[in-house]
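Student: Take a look at the letters that make up each chain.
2 protein chains.
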Amino acid sequence: MNYPSKLLNEIVDEISKLPGIGKRTALRLALYLLKQPQEQTQSLAETLLRFRNEIKYCKVCNNISDTEVCEICQDNSRDHTLVCVVEDIRDVMAIEKTGEYKGVYHVLGGIISPLEGISPTDLTIKELLERIENYQIREVILALSATVDGDTTNFYLYRKLNSLKNIPDISTIARGISVGGELEYTDEITLARSIQNRVPFDQSIKQNK
Amino acid sequence: MNYPSKLLNEIVDEISKLPGIGKRTALRLALYLLKQPQEQTQSLAETLLRFRNEIKYCKVCNNISDTEVCEICQDNSRDHTLVCVVEDIRDVMAIEKTGEYKGVYHVLGGIISPLEGISPTDLTIKELLERIENYQIREVILALSATVDGDTTNFYLYRKLNSLKNIPDISTIARGISVGGELEYTDEITLARSIQNRVPFDQSIKQNK
Chain W
18 MNYPSKLLNE
28 IVDEISKLPG
38 IGKRTALRLA
48 LYLLKQPQEQ
58 TQSLAETLLR
68 FRNEIKYCKV
78 CNNISDTEVC
88 EICQDNSRDH
98 TLVCVVEDIR
108 DVMAIEKTGE
118 YKGVYHVLGG
128 IISPLEGISP
138 TDLTIKELLE
148 RIENYQIREV
158 ILALSATVDG
168 DTTNFYLYRK
178 LNSLKNIPDI
188 STIARGISVG
198 GELEYTDEIT
208 LARSIQNRVP
218 FDQSIKQNK
Chain D
18 MNYPSKLLNE
28 IVDEISKLPG
38 IGKRTALRLA
48 LYLLKQPQEQ
58 TQSLAETLLR
68 FRNEIKYCKV
78 CNNISDTEVC
88 EICQDNSRDH
98 TLVCVVEDIR
108 DVMAIEKTGE
118 YKGVYHVLGG
128 IISPLEGISP
138 TDLTIKELLE
148 RIENYQIREV
158 ILALSATVDG
168 DTTNFYLYRK
178 LNSLKNIPDI
188 STIARGISVG
198 GELEYTDEIT
208 LARSIQNRVP
218 FDQSIKQNK
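For the record, the sequence lines run as chains W and D.
Per our numbering, the very first residue in the first sequence carries number 18; after that it's consecutive.
Per our numbering, the very first residue in the second sequence carries number 18; after that it's consecutive.
Be a bit skeptical, because a hint or two may be false.
Copies of one chain are not kept apart here, so a pair can be met inside one copy or by any two copies together.
Unchecked claim - With a straight-line cut-off of 35 Å between C-alpha atoms, the simulated DSBU-like cross-links for lysine-lysine are:
1. Lys-73 to Lys-52
2. Lys-76 to Lys-223
3. Lys-143 to Lys-23
4. Lys-52 to Lys-223
5. Lys-52 to Lys-114
6. Lys-119 to Lys-23
7. Lys-34 to Lys-76
8. Lys-223 to Lys-143
9. Lys-34 to Lys-182
10. Lys-23 to Lys-52
11. Lys-177 to Lys-52
12. Lys-52 to Lys-40
13. Lys-73 to Lys-223
14. Lys-40 to Lys-143
15. Lys-40 to Lys-73
16. Lys-76 to Lys-52
17. Lys-223 to Lys-34
18. Lys-23 to Lys-182
19. Lys-223 to Lys-23
20. Lys-182 to Lys-40
21. Lys-119 to Lys-76
Derived from the structure by calculation, the hints contain no laboratory data.
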């Protein structure tokens, strides 16, 4: 597009580098900021810089944290022998919201993805293995997305974990039909998995309570 | 949502103030920036500030411009007696893209919207009236969106323009079915307007060439 101003052109370019934001949306956002008080842009820019420069990661689980060790890892009422491996902070938040999980986490910072150029060394896999070697970890739950990249990462981690001296139990979150989901509209692979991994009815009744 | 970090909370709040961006998207954008080189955030923040603080408006037409008078207003090959009144720079860009318009513009900076608290004094209506009083303007084209707010603004401008000493011709852009549009799917009001404002067939043939 032909912008009548270089500055406008530059800001549209910068904003549209963000994922899911095209030139049109970028222009809309830039024009919106022009109509707002200058302080809003000031505050946005300053917070962006502070966030990018000062953000810290928990030295135990690698989750984003304001303290050296995050609140979850500091919580003594949680089971520190149970580690749930997730991709990023959003997954931690999603699992915490269920209120059902009492173990701790390990945040990988991504999943292995050859297409996007993310290799195992870009993730905190080394830190995970060291953590399991050095602390008494009873079980590791692999809780990655049920995508090709997620499965690849699961297999990679499974092999790595099995090469350790003290091999923990290794589990993965259940795949099956969603609660409230209709059989008819569930894809075949998911349906097959939900039959293979069926659970005793007694147990299912208890969970529904 | 419960974020494990104040800084993360702050940046999500700041980003989600932008229109059309919710907390979820804001979190996604913030995490994206963390994975990119620090320079990207630096450059984004600096460009935001520079854009907001240094942007200039053409002193003739109020369009965004890097110079005191914008390129369009400086162009002597254009008809400066024909002024097209638009809401913002996006409309100027849209009309310029057609390559059909040879007059100049007047950018209102918005439209009158009681719901959003935008009154006539927030717009450059006074500047428009002064411009018409002081320069020889032959015709004013009102090219605002065909919405309730757009129509309100059109009527307001029409009355103001008619109270001037030298009343220019006042026209508005045609409303009718889109080129390529099917009659069957056109709403009744638009269809009625397209019949009321029918044009001689000869003229229409010439335009299709």
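Student: Run through the hints listed earlier and report the numbers of any the structure violates, in increasing order.
Tutor: Failing hints, ascending: 2, 4, 8, 9, 13, 17, 18, 19 and 20.
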